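Peer 1: What follows is each chain in one-letter form.
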Amino acid sequence: MIPQSLKILLVEDDDVDAEGVKRGFAKANIGAPIFRATNGFQAIEVLNDPAGPFADAPYIVLLDLKMPKMNGIEFLEAIRRDENLRNSIVFVLTTSNDSQDRVAAYANCVAGYITKSKAGVEFRDLIQMLESYTKIVELPICR
Amino acid sequence: MLRLIGIILSQIGSFFFNLFDTDGFPARWYCGSAWSQDPSIGWLHIVSDIAIFCAYLTIPLILTYFLFRRRDFPFPTLVGLFALFIVTCGIGHGIEAIIFWEPVYRLSGAVKALTAIASWVTVFAIIPVIPRVLNLPDLEKLKEKLEAEIADRTRAEVLFRSVFSAVPNGLVVVDQGGRITLANQRMMEMFDYHVEELVGQPIECLVPEEMREKHVGLREAYCHAPIGRMMGERQYLEGVKKSGERFPIEVGLNPAEISGELCVIASIVDVTERKEAENKLLRHTRQLEKSNCDLDEFAYVASHDLRSPLQGVKNLANWIRDDNQDKLSEDSQRHLELMQQRIGRMERLLDDLLHYSRIGRVEQALSHVDVSQLLENIIDSLPRPDGISVTVQPEMPVLETPIAPLDLALRNLIQNAIKHHDRAEGKIVISVSDQGDFFHFSVSDDGPGILPEFHDRVFKMFETLQPRDDVEGSGMGLSIVKKSVENMGGRIWVESQLGQGATFTFSWPKQVPREEPV
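Residue numbers (the numbering used here), protein chains in the order written: chain A, 1 to 143; chain B, 1001 to 1518.
Simulated from the structure, these hints should not be mistaken for lab results. Quick caveat: nothing in here was measured; it's all calculated off a predicted structure. Incorrect hints may have been included.
[What the hints assert, rightly or not] Some but not every residue of chain B turned toward chain A, in silico, with C-beta under 7 Å:
(1) SER1308
(2) GLY1312
(3) ASN1315
From the three backbone atoms N, C-alpha and C, an ideal C-beta is built for every residue, glycine too.
Only chain A is shown next, with the shape it has when bound in the complex:
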């Protein structure tokens, strides 16, 4: 079980892909609320909003790489420079298995780089991994 107090931010520009993740979580009966941003800018805005859902709460970011305005790697570089957000736990969730993307993501301290093709049918493997991860890992609270 992913604890109710944990918030998940899905940064994904494709509606169908976002819908897929949400359906997967709903099917697995994950109670944790999923919020969505469609690009890096929006994600930083939401994370930094003092009145928003991420204020003083543990959260995990699921990040797509190919996005308009601010792509995944740019988002990672931005939050690692940001005093408040630098400790964020981020998993990259993308279709790209490009080695350059992988290197750039890990250089910006991601918790894991996951390609969608390996996330299991309806993201079951991803959800299982997140369940175990949140069960045993102490998460930081940013800001």
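Place chain B on chain A using the hints.
Peer 2: Quick look at chain B alone, frame taken from chain A:
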């Protein structure tokens, strides 16, 4: 003994002392009455002796003059001795004439002794010289030899002139001072000059103005290290015509020593056409590179940008089906199924397209391939109905080749044979034959066969001979095989008649061509 020598010396001394003494000897006119009875005989002697005396004194003069003029004449000593001998002979004859009045017999004897000595010395001097004289070339032969030599030289000269004017290159001979001493016809045509305008001019008149000063330096440097080589290798060289028009050239330099002076023979080729062709080739290569690049980009677009919306459509179709299991009409469910089938087809098409575009652009490493082992793996991995048997004939080779394209070719052909078989029972046979530089691999089936008029079409992209709904396929399998095989320098063809099965054969090189795949 001493007395004897003393007597001899005093005898010789008295001989020379009384050399001109005539006492006791009668003049010849008075030696017998015959001389005075017929004085004409005496005069015959006298006149002849004097004539001989004169002639014998003249000959050495001529000989001396000759020796003086022809210092190169061999055996000058011998000629000198000969002259001396003749002189003494002449003097002897002169004295013979005088004796008719003055009987100087002692002088006459002394001169005769001198003549004897001179003639014997000459004899001994001649003997060792004879072999050398015999070796002296015969004048006739010398003349013949000389004529032959002249003919040779004339021939060489004619040959040189014809070659010089016939070569398709411009040829120009330049002396150490940089002046043109000789130039051929092609040179005149190339640079638009007349012979008289060019010969005597500095070679720099053919060099672009901004290069002239530098050329003088380079030319002088060349004379210090004269070797046959190309001028300004890898540099773009230009020549200047009389009109000032410039054109690209290539220049070969060769040193030559003519009459002791270092000259440079320059061979000049007008490379305008070649440069144009090169530029054209370069342009085409760039275009080709660009279109290859575009193809790369297209492959990426096909693999990613086209695939991800397709994935979305696929997901949405699944969700509609899952969420409305009970509500959908039978027709709608069937339509959804068809939709998913088409999506699958599109995915395969994208995969194959990507695959096709990558053939030959990824360099393949050579590996040690045991073809029978490879075939075993392929056959094991391909699903097939129980009734279809696949047989590999013996004597499959082992070779050094990139494994991926060979695997791809064999796999696709066997898969096609299985997929397109029209009966439950069937036989597929894989065989090989050694054809020199190539192996010919064949995949034969006893399936439906292909009409001869379709033989070319089966290798084209997106061509299928059966509706896709009957036999699933992107229509790219054989074009992928064809491209793989041709990329390796091989060929592929099919032999088949309708209803008699089909045999696909491709040739595969034993030695992989070394050059980069195109």
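Peer 1: It remains to establish, for every hint, whether it holds in the given structure.
Peer 2: For each hint, the structure was consulted:
1. Against a cut-off of 7 Å between C-beta atoms, the interface hint on SER1308/B holds, since the closest Cβ of chain A lies about 6 Å away.
2. Annotation: interface hint on GLY1312/B holds; nearest CB of chain A at approximately 4 Å, less than 7 Å.
3. A distance limit of 7 Å between C-beta atoms decides the matter here; for ASN1315/B the minimum to chain A is near 5 Å, and the interface restraint holds.
Consistency with the previously given hints is maintained throughout, with no hint failing.
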